[in-house]
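Protein chains in written order, with the numbering used here: chain A, 1 to 100; chain B, 1001 to 1517; chain C, 2001 to 2174; chain D, 3001 to 3637.
A portion of the hints provided could be inaccurate.
Here are some of the chain D residues that sit facing chain A, going by a computed Cβ distance under 8 Å [claimed, not checked]:
1. 3618
2. 3623
3. 3625
4. 3627
5. 3630
Here are some, though not all, of the chain B residues that point toward chain D, as calculated from beta-carbon distances under 8 Å [stated by the list, open to error]:
6. 1031
7. 1406
8. 1425
9. 1428
10. 1442
None of these hints come from the bench; they were simulated from the model. Only a predicted model underlies this, so the values are computations on that prediction, with no experimental measurement involved. All residues carry an ideal CB built from backbone N, CA and C; glycine is no exception.
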Amino acid sequence: MIPLNYYLILSGILFTIGIIGVLYRRNTLIIFMSIELMLNSANLTFVAFSRFLGNLDGQIFVFFVMVVAAAEVVVGLAIIVNLYRHHKSISADRANLLKW
Amino acid sequence: MHETNFPILSIIIFFPIIGILLIAFTERKDGYLQKWIAFWTTLIDFIISLPLFFAFKNVADFQFVEKVNWIPSLGISYHVGVDGISLLLVLLTTFLCPICIAACWKDIQDKVKEFLIAFLFLEVSMIGVFCALDLFLFYIFWELMLVPMFLLILVWGAPARRVYASVKFFLYTMAGSMMMLVGILVLYFYHGKVTGDYTFDLLKMFQLKLPFRYEFWLFLAFGIAFAIKVPMFPFHTWLPDAHTEAPTIGSVILAGVLLKMGTYGFVRFNLSLFPHATMYFMEFMGILAVIGIIYGAFMCLVQKDLKRLIAYSSVSHLGFVMLGVFALNVQGLTGGMIQMINHGLSTGALFLLVGMIYERRHTRLIAEFGGLAKCLPLYATFFMIVTLSSIGLPGLNGFIGEFLIMLGAFKAKWWLGVLAASGVILAAWYMLWMYQRVMFGKVVHEVNLKLKDLVAREVWILVPLIIFIVWIGVHPNTFLSKMEPSIKNIVSKYEKIKISEGNTKINILKNLKGERS
Amino acid sequence: MELFLFIVFALICILSSLGVVFFKSPIRSALSLIISFFSMGAIYIILNAEFVALMQVLVYAGAIMVLFLFIIMLLDIKHPIKETVLYKNNFFLIISLCLIFIVIVFTVANAAYNAKFMKGLKGISWMFINNSNTKAIGEVLFNKYLLPFEVTSLLLLVAAIGIIVLGKKKQIKD
Amino acid sequence: MKYVWLIVFFPFLGFLINGFLSKFFNKKVVAFIAASAIGLAFLCGLVTLVKLLAYPPEARSIEITFYSWIKAGGFNIEAGFLIDPLTMVMVLVVSGVSFLIHIYAGEYMEEDPGYVRFFVYLNLFVSMMLTLVMANNFLLMFVGWEGVGLCSYLLIGFWFEKDSASNAGKKAFIVNRIGDFGFLIAMFIIATTFHTLNFKVVFEKAPQMFQVGSGLITAATLLLFVGATGKSAQIPLYVWLPDAMEGPTPVSALIHAATMVTAGVYMMARCSVLYALAPFSLGVVAVIGCLTAVYAASMALVQVDMKRVLAYSTISQIGYMVLGCGVGAFAAGIFHLMTHAFFKALLFLCAGSVSHALAGELDIRKMGNLHKKMPITHITFLSATLAISGIIPFAGFFSKDEVLFETFMSHHNVLYILGLIGALMTAFYMFRLYFIAFRGESHVEPELEKHIHEPSWRMALPLCVLGVLSLIGGWIQLPFFHNLKILGGFLSPVFHHAHEISKMEEASVSVWLEGALMTLSLIVAGLGILIAYKFYIKNPELPKRLGEKFAGLYKLLFNKYYVDEIYQMVVVKPLYNLSEILSIAVDQAVIDGSVNGTGRSLMGVGGVLRRTTTGYVQFYGLVMFLGAVILLLWNLF
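Looking at chain A on its own, in the form it has when it is part of the complex:
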């Protein structure tokens, strides 16, 4: 039987890779994918704990996370489309209008 902390370590690694993706890459699409990755690692932790705690709430929660992820991706991509339309490029550096 695989102990719980293997799963936690796995999700931790996935989460870190996601963060690297978000902070390092310039391409907005890649950023979105890494966000998906981070959300998945969170799901993994949920399922692992629900498995070891013995109640289904964790798995239910995974659905809600999925819903949010879906909504987020959809809106994000729409924004990227607009970004592309405006800047002809989807590099994250373009959007710095908020710079002081």
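Given the structure of chain A, go ahead and fit chains B, C and D onto it with the hints provided.
Same frame as chain A, now just chains B, C and D:
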């Protein structure tokens, strides 16, 4: 302390709001109708406040008290009352306001509606401050008073540095009142912890026995807020700026009433609530006051601008008042209180006079004037009477206040009295030198020749002030008797302390350490 | 045996997610993301959460990645964005922070390992009603979590409206 | 006796009527109202005097109080009047002399535009002076004291177009104020020790509470004397009197000769009990009085402006009165005060009529043998000069001799000799003035020559009355016949209290000693006149040669020992520079600087924080992640 059913005080406080409503409904263009409304509201407010003076029994405790629960859960109540100390200040306010409105007839032409609303609102908060007996209510009125004054200077001030002056004034006083808010809250919680009922009521605070450590820091907290308002020596730099930039009426009210908030605060809060700390700080505050007197006088000697000179002279006069207050004996305190009224009258009149010459010549630089006595004889006589009253010529009001203050200071610490008396010489020097540069000598600028003398309206503004200046000078007892009992019961607190503990600095420190161990 | 399977899929998942981050062109990273979703599904199976695994594959790999590929196709990004120089956007700072984060994760995981969770390792009968995981999940979902369920539908509605507004071409203002 | 307040009220009424209703009257009416107000006051004074004489000598001190003026705690001041022989002398002298001067001024100020304003101030002055004299407590006296200072400020600076006049006015007021500073502190000492300022109470309690020479009383009396020097222009604070000559001549006659300057002497006489308790301060008073007498006389020797000479002679004569008080002979001081009021006012009025005749010219070098064209002025001027230099039949002789006699009797021999030298100088400079102005060849410009005319009756009458007074004024205090000392007897109840304390023994003085002293002072006066005669009539060029020989001394005296310049340099300039430095260094730099400084520093901090918003999303993400990691670390360890 008896509950009166007829809420005369609340009427006096909130009557100007009726004026505000009336003005709000008039259109923008007919300025003079608005001015008449404002004038009549303030005048009626003054007439209502007269019975307050006559029905006031010469007794030490608060009268015309009204108490209504406002926020019972926090122990905040709308608690208003007047005693010997605040009665005359309320009357001074209601007396000065109609005069100010009359004075601004020609002066304020643009945005008259907002001006009058701000002014009436200022009057409400001023009278409120003097009557509030609930710390919370006092703080609200204290802050409310700042806003209209800030607007007065900001919008209608002299375009040169009005933004700087108004912001400086606002922030300076606001910083001070932050300290006071902390003080009020400490008092509130301490009173709750000790007696169980959490309340802001001032009268209950009077009975509260504070350990010296509390008293020490609370005195400083309240003291800083009031010292900035007074303005005591190190905190006075906002006053000259505020005065030079404020419109005439603004500086009349600022000098006439707003500065008295500080001294009133010292008497009402610091002296009554923290007796031990006051004994401890007495000498320090006395020295500060004397520095204020002499330093203010020196500043006046070198000022080029008439209004700045009068502003610094009021720093000097209020130094006298503070000296009287911290002499901690009946003569000093009575002198301090009556000097507050005198300062309101004489400096208010001085600012009105400067305003009138400003209306004609649009300049306040002393160098611009010269030999006005020839072309404006009536103006010169009024100016002379008011200058003499502010110098403290016996027979006029200034002398009564200054004599009693110096006597009280002399009884408390002899060298304080002597130093303060030197202030009298300096006062004569700078005022007469100013008067000579403005009034006497040959007419250097031809434009001065064509100036018109005082109009009937302006004369009728100054006449009531002159009447009171002479009345207080010749027969001050009408006013002194009113404030006598309340001053006695404050001072009796100090006599008890002096006798009971033989209070010298050393054993104050001893019980300071005693508390800590 | 189970452990072996877990390690295999875990490795696939980590490699693919590394690929997502470090591939130059977005298409390759999208495909590697799909692989990682599949491996995640497998891990869920190991955890006996079939319905969640199924959902994972369906929703993530199926719907969201399709969207991504669609967008990549739509925007026909010819040249990959020239990456700014490696160390320009404080790469080392990110790496150092991630290392610290890994350390934290390990400590937390070990703490969890010897915590009381291990005792919760009862059988997995609670997951099945007459041996169907979906029924168990449906029973809990529609009793205990009914309100959140409705709210999520609302969320999706809002997202849909948002997209339509964003997606419209800019008419020339009248 | 109840109507005593009328004395003060009539001049005040004159002040009010002329002040407010003057638009409806012409000049004649205004002058009439002003003069009649003072006349009525004089009459009331006489009536009160008669009533006072009805009382037995010891009971001659009546106090009438009107209302409680200031009541603060235990300290209560009743405003009221005190009537006793000293007050009556002063009231009669003040109102009498001012009545004559009002008549004189009616004519003198005829063509002056500020005619009404002049009489308004003059009436206010007289009412203030009378309040000062009749007050029953220190505070009311202080009201009169400052009121008189105010009126002198207004009247000196009457022609305010002239900068020198308004400067002189301001200087007078401020120097008086410095004196009043001393008076104020003395009042505080008295108030704190006796808990009241009422004369009667203070003078009864003082001997019981303090024995002779107690520190507190000495301090109080010395400070009172500082006030007196301010008002009566003694050594340290006399600088304002010579400049006060800027005012119109009747003003100089009334204020700076007869009434105001004597206020200090009156105050010392009033507080004779306190002074008796402090022999040290009496000594100081005597020394200062004598020094002033000699010092001012020395300066008067070389002055060229007629009114300046008279101003210095006033200072020196008051020096004699102060000397009289200093040696404890208050009655002698008051007697000299009375006679001085007569002949000094007369001298000023003659100066006025001379300047009237010479169209405002006062420089004696431009005058000469006016005696033929102006007989009345000449005779009255001569009588006054004789009186002031102390020649036998005239008033000055008796009063000055009385002062010198008392100084000798109280063994102040050094002061006696100085007094004699002073008398010599007085005689010399007065007759120098007389010879240059009225005798000798005329240096008057030709076109002014024919313009010289005798003043009209309204100016001449006061001159004559004063002339007669300065002749017979002295006879009420004849030296030899003790029982005939009317004034001395009249004043004795007031001062006997003081004499008891200082145990002045009424030594039986041998007639020979008194005679010898009298002849000695006569000889000294005669000598002065002879020297003046020799200098200015016999060989006029002698003074010029003497002038060159002692050029240094001459210049020193001429420029008034450079005292004004010293004061300006030592006191006025440094104070002004100090305030200049203070205002720039402390006010702007330190306090304002610190306030604005806090403002600017807050703006600075804001500027720094502004840099953090770079606009890059990933930067914010990184910062958030950094925060999360830190929090985790914080919680774990």
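With a cut-off of 8 Å on the beta carbons, see whether residue 1031/B makes it to chain D. Where the cut-off is 8 Å and the nearest Cβ of chain D is about 35 Å from residue 1031/B, the hint is violated.
Holds or violated: the hint that residue 3618/D contacts chain A, with Cβ atoms closer than 8 Å. At 5 Å from the nearest chain A Cβ, residue 3618/D passes the 8 Å test, so the hint holds.
Minimum Cβ distance from residue 3630/D to chain A below 8 Å? With a closest approach of 15 Å, the residue 3630/D hint is violated.
Per-residue hint verdict: residue 3623/D, partner chain A, C-beta under 8 Å: 10 Å, violated
Does residue 3627/D meet its interface restraint, that is, does its C-beta lie within less than 8 Å of any C-beta in chain A? 13 Å, violated
At a threshold of 8 Å, is the proposed contact between residue 1425/B and chain D supported by beta-carbon distances? At about 5 Å, which falls below the 8 Å cut-off, the nearest Cβ of chain D leaves the hint on residue 1425/B intact, so it holds.
Hint validity - residue 1428/B Cβ closer than 8 Å to any chain D Cβ: Holds - the Cβ of residue 1428/B comes within 8 Å of chain D, reaching about 4 Å at its closest.
Using the nearest Cβ pair, does residue 1442/B come within less than 8 Å of chain D? 6 Å, holds
With a cut-off of 8 Å on the beta carbons, see whether residue 1406/B makes it to chain D. With Cβ-Cβ at 7 Å, under 8 Å, it holds.
A closest beta-carbon separation below 8 Å is what the hint needs, so does residue 3625/D meet it against chain A? It holds, given that the least Cβ distance between residue 3625/D and chain A is near 6 Å, below 8 Å.
Hints 2, 4, 5 and 6 from the list above are not met by this structure, while the remaining hints are.
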